[in-house]
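**Q** Once you have looked at the hints, place chain B on chain A.
2 protein chains.
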Amino acid sequence: MNESRVVGQVRIVGAGLLGASIGLRLRAAGVDVIVDDSSPSNLNLAIDYGAGRAARDTDDPALIVVAVPPDVTAAVVATELTAYPDALVTDVASVKVAPLAELRAAGADTLRYIGSHPLAGRERGGAISARADLFIGRPWVVTPHDDIPTAQISIIEDLVLDLGAVPVIMSAEQHDSSVALVSHVPQVVSTLLAKQLLRSTEAAISLAGQGLRDTTRIASSDPELWVQILGANSADVVPILRDFRDDLDGLLTALAAPAVPGARRAVAEVLADGNAGVARIPGKHGQDRRFSQIVVMVDDRAGELARLLTEIGGIGVNMEDLRLEHSPGAQVGLAEISVLPEVEDRLIADLEAGGWKIAGAWR
Amino acid sequence: MNESRVVGQVRIVGAGLLGASIGLRLRAAGVDVIVDDSSPSNLNLAIDYGAGRAARDTDDPALIVVAVPPDVTAAVVATELTAYPDALVTDVASVKVAPLAELRAAGADTLRYIGSHPLAGRERGGAISARADLFIGRPWVVTPHDDIPTAQISIIEDLVLDLGAVPVIMSAEQHDSSVALVSHVPQVVSTLLAKQLLRSTEAAISLAGQGLRDTTRIASSDPELWVQILGANSADVVPILRDFRDDLDGLLTALAAPAVPGARRAVAEVLADGNAGVARIPGKHGQDRRFSQIVVMVDDRAGELARLLTEIGGIGVNMEDLRLEHSPGAQVGLAEISVLPEVEDRLIADLEAGGWKIAGAWR
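As they're listed, the protein sequences go chains A and B. For the first sequence, the positions run 1 to 363 when the numbering used here is used. For the second sequence, the positions run 1 to 363 when the numbering used here is used.
Honestly, I wouldn't trust all of these hints.
Taking lysine to aspartate or glutamate pairs in the DMTMM-like style, the calculated list, with each CA pair at most 25 Å apart, reads [said to hold, decoys possible]: (1) B/K357 to A/D321; (2) A/K357 to B/E202; (3) B/K357 to A/D32; (4) A/K357 to A/E311; (5) B/K357 to B/E311; (6) A/K357 to B/E342; (7) B/K357 to A/D158; (8) B/K357 to A/D48; (9) B/K357 to B/E342; (10) A/K357 to A/D321; (11) A/K357 to A/D345; (12) A/K357 to B/E304; (13) B/K357 to B/E336; (14) B/K357 to A/D162; (15) A/K357 to A/D299; (16) B/K357 to B/E304; (17) A/K357 to B/E320; (18) B/K357 to A/E157; (19) B/K357 to B/E320; (20) B/K357 to A/E344; (21) A/K357 to A/E304; (22) B/K357 to A/E320; (23) A/K357 to A/E320; (24) A/K357 to A/E344; (25) A/K357 to B/E3; (26) B/K357 to A/E304.
Restraint ranges, calculated between C-beta atoms of paired labels, are given here [to be verified]: (27) A/G354 to B/T58: 39 to 49 Å; (28) A/E173 to B/G314: 45 to 55 Å; (29) A/L111 to B/V260: 31 to 41 Å; (30) A/S39 to B/G262: 54 to 64 Å.
Derived by calculation from the structure, the hints in this document are not laboratory data. Don't be surprised by glycine CBs; every beta carbon is placed ideally from N, CA and C.
For reference, chain A alone in the conformation it holds in the complex (with noise of 0.2 Å):
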């Protein structure tokens, strides 16, 4: 039974992460799904995890998507349009720009080719990490570009719609300079942030709090990829660099004589800007001011989380977000609860009253 929008082979170039997991969602849905990689070890795993069958010569796919690493991805795309004359290829390269002006140079057939990108999955693991639902709820950016006829559009959309990700249209550059300021730079400045700490004492960094570790999070990523990423986009990244740095030489005059007419009142107002910018992410998360922080007390054993949160629903009260924390060498976590401030002092006494030990509460 065929339960998919796409119609016609799926042929999948590059059996990582993404395309193994393309490939596993697509085969689940009823699509015949070829799948192909450079390696014959990554293939066989794909094809062992089911993410699809070996080529044949009397593939006739419909659909191609290159699902290789950004430098590779232009010549991968130009090799496929060749081989493929009646095929539509799509990429799920994190840069758009790049490869799109590199098939042009190579005089490629582009009015078969829309980028495309999911904001999905880190990028780690391989097909053996591969799941097929890796993209649902996700964002998928797709490109389209010069006079893409609609039914081509809607082809890709299709795809998008089939893997249960959310397809967002925009052009290559509106793609490449958006990513650049909500994914490329926050990469670049985690990693310069966390590079600061190749310098520190043992005594210092036994001081790192929540603060610390979710601005250095994302640090432990890939180099391999983000070089190839960093560098694909660097049109869009480097501008975006350079203003912060002006901002951070401005702060820095500031803070080198903190004492002069004017200089507390310059760094107050970038202290407000980063208020307003953070305030402007959408989405559940802490710094969500319609939202009630709660903090509770969690004994570090297992089953201590699920009972408070079993409470919280016996409650009758829905939790909006959940962030836990801890400290190193103590034997309590602490749970952040985010609820609507209606139910705020509701919960509290209900917690305390079952004898939940609450660390504190804010709006």
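**A** Below, chain B without anything else, positioned relative to chain A:
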């Protein structure tokens, strides 16, 4: 019944979140706690909340805790040293060198003053957010100076232990350089990153993922408090920020001409240094390579997460950490669970058998 280590009356000056939380905990242990605040309404609120009693002419405190903003800490400590010539005085400000230097310059009796700093709370909310358990399991730095007798230091350590925190002894200079690195510089970097979002389009910011949320979370901190902290610790913050700026300039040079020989290698080395820096942070969090991460889809319904955790408890697996991720507009959340690698396969198999969808897994 008195269960405290500290002996005699404790006077707390400043009835905000920290001062009131200290009072609540000490009173619960049977200590005679006096609270004072320059604002009568703050003071009455703290007394109503049970943080202590109002001052009397006959008070004879053995220990005074000054819990006021950094800018006025030294002045308030000096006043207290004069008003109570037999008391030992500590403070809880986030900087330690500046208050001590100010006290010395003012000719205060610094042999009765030992600065300290609990790495706890979020400096939000005032007495209304105070909790007796705010400090449990948190590091609390104690900064002896000159030839302060061991017996005096022990009194502050007893206070820290009474509050459930973990005393960490270091000099004021060590403290300030440590928190500059693990707290103040991350605050500045997160703020400057969030500031760049002010120039973003709605379309760009709609692509924000967990990486941006994590790196900018602390950018929502209180500007008024942070102006004081950064101003007081600028001598330690500025050199680290300059190193950061120099690293950023190096990266900008490489990214501005990514095709130049050596540019890619320079970028890769910074990324690898970031990996090495973040690996130095102790604790249980996401980047900890000792654990496997399993991502489970959880319907956005009350009780679903509790059901998942109960099931994991039933399987007999101990969860090392838990993170929730949300995608804007999606009806599902993702729970990222950290477990020991040896139980990963069994947990995945058992959860899938129980009908849970696994969205990813990696080490």
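**Q** Are the hints correct? Go through all of them and say.
**A** Outcome of the hint check:
1. Proximity of B/K357 to A/D321 is assessed by CA-CA distance (about 20 Å); at most 25 Å being required, the pair is judged to hold.
2. Taking the CA atoms of A/K357 and B/E202, the gap is about 40 Å. The hint is violated against a cut of 25 Å.
3. Between B/K357 and A/D32 the CA atoms are separated by roughly 23 Å; this keeps the pair inside 25 Å, and the hint holds.
4. With a C-alpha separation of about 13 Å, the suggested pair A/K357 and A/E311 falls inside the 25 Å cut-off, and the hint holds.
5. Distance restraint check for B/K357 and B/E311: the Cα-Cα separation of roughly 13 Å lies within the 25 Å cut-off, and the hinted pair is therefore satisfied.
6. Straight-line distance between C-alpha atoms of A/K357 and B/E342 comes to about 33 Å, which puts the hinted pair past the 25 Å bound.
7. Proposed proximity of B/K357 and A/D158 is supported: the alpha carbons are some 22 Å apart, at most 25 Å.
8. Pair hint B/K357 plus A/D48 holds up; C-alpha atoms about 20 Å apart against a cutoff of 25 Å.
9. Between the alpha carbons of B/K357 and B/E342 the distance comes to roughly 20 Å, so the proposed pair stays at or under 25 Å and holds.
10. Restraint check for A/K357 and A/D321: satisfied, since their Cα atoms lie roughly 19 Å apart, inside the 25 Å limit.
11. Between the alpha carbons of A/K357 and A/D345 the distance comes to roughly 14 Å, so the proposed pair stays at or under 25 Å and holds.
12. For a cut-off of 25 Å, the pair hint linking A/K357 to B/E304 stands: about 23 Å separates their Cα positions.
13. The hinted pair formed by B/K357 and B/E336 meets the criterion: a straight-line CA distance of about 12 Å does not exceed 25 Å.
14. A C-alpha spacing of about 17 Å is found between B/K357 and A/D162, which places the hinted pair at or below 25 Å, so the restraint holds.
15. For a cut-off of 25 Å, the pair hint linking A/K357 to A/D299 stands: about 10 Å separates their Cα positions.
16. For a cut-off of 25 Å, the pair hint linking B/K357 to B/E304 stands: about 13 Å separates their Cα positions.
17. Of the pairs offered as hints, the one joining A/K357 and B/E320 holds, with about 21 Å between alpha carbons and a cut-off of 25 Å not exceeded.
18. Restraint check for B/K357 and A/E157: satisfied, since their Cα atoms lie roughly 24 Å apart, inside the 25 Å limit.
19. The straight-line distance between the Cα atoms of B/K357 and B/E320 is roughly 20 Å, inside the 25 Å bound, and the hint therefore holds.
20. With a CA separation close to 31 Å, the supplied pair B/K357 and A/E344 exceeds the 25 Å bound.
21. A distance of roughly 13 Å separates the Cα atoms of A/K357 and A/E304; the hinted pair therefore holds under the 25 Å criterion.
22. Taking the CA atoms of B/K357 and A/E320, the gap is near 21 Å; set against the 25 Å cutoff, the hint holds.
23. For the suggested pair A/K357 and A/E320, the alpha carbons sit about 20 Å apart, so the restraint of at most 25 Å is met.
24. Among the hinted pairs, A/K357 with A/E344 is consistent with the structure: their alpha-carbon atoms are about 15 Å apart, no more than 25 Å.
25. Taking the CA atoms of A/K357 and B/E3, the gap is near 19 Å; set against the 25 Å cutoff, the hint holds.
26. Restraint check for B/K357 and A/E304: the C-alpha separation of about 23 Å stays at or below 25 Å, so the hint holds.
27. Checked against the hint of 39 to 49 Å, the C-beta distance between A/G354 and B/T58 comes to roughly 42 Å, which is consistent with it.
28. The supplied range of 45 to 55 Å is met by A/E173 and B/G314, whose beta-carbon atoms lie about 51 Å from each other.
29. Taking the beta carbon of each, A/L111 and B/V260 are about 34 Å apart, inside 31 to 41 Å as hinted.
30. About 29 Å separates the C-beta atoms of A/S39 and B/G262, a value inconsistent with the hinted range of 54 to 64 Å.
In summary, the numbered hints that this structure violates are 2, 6, 20, 30.
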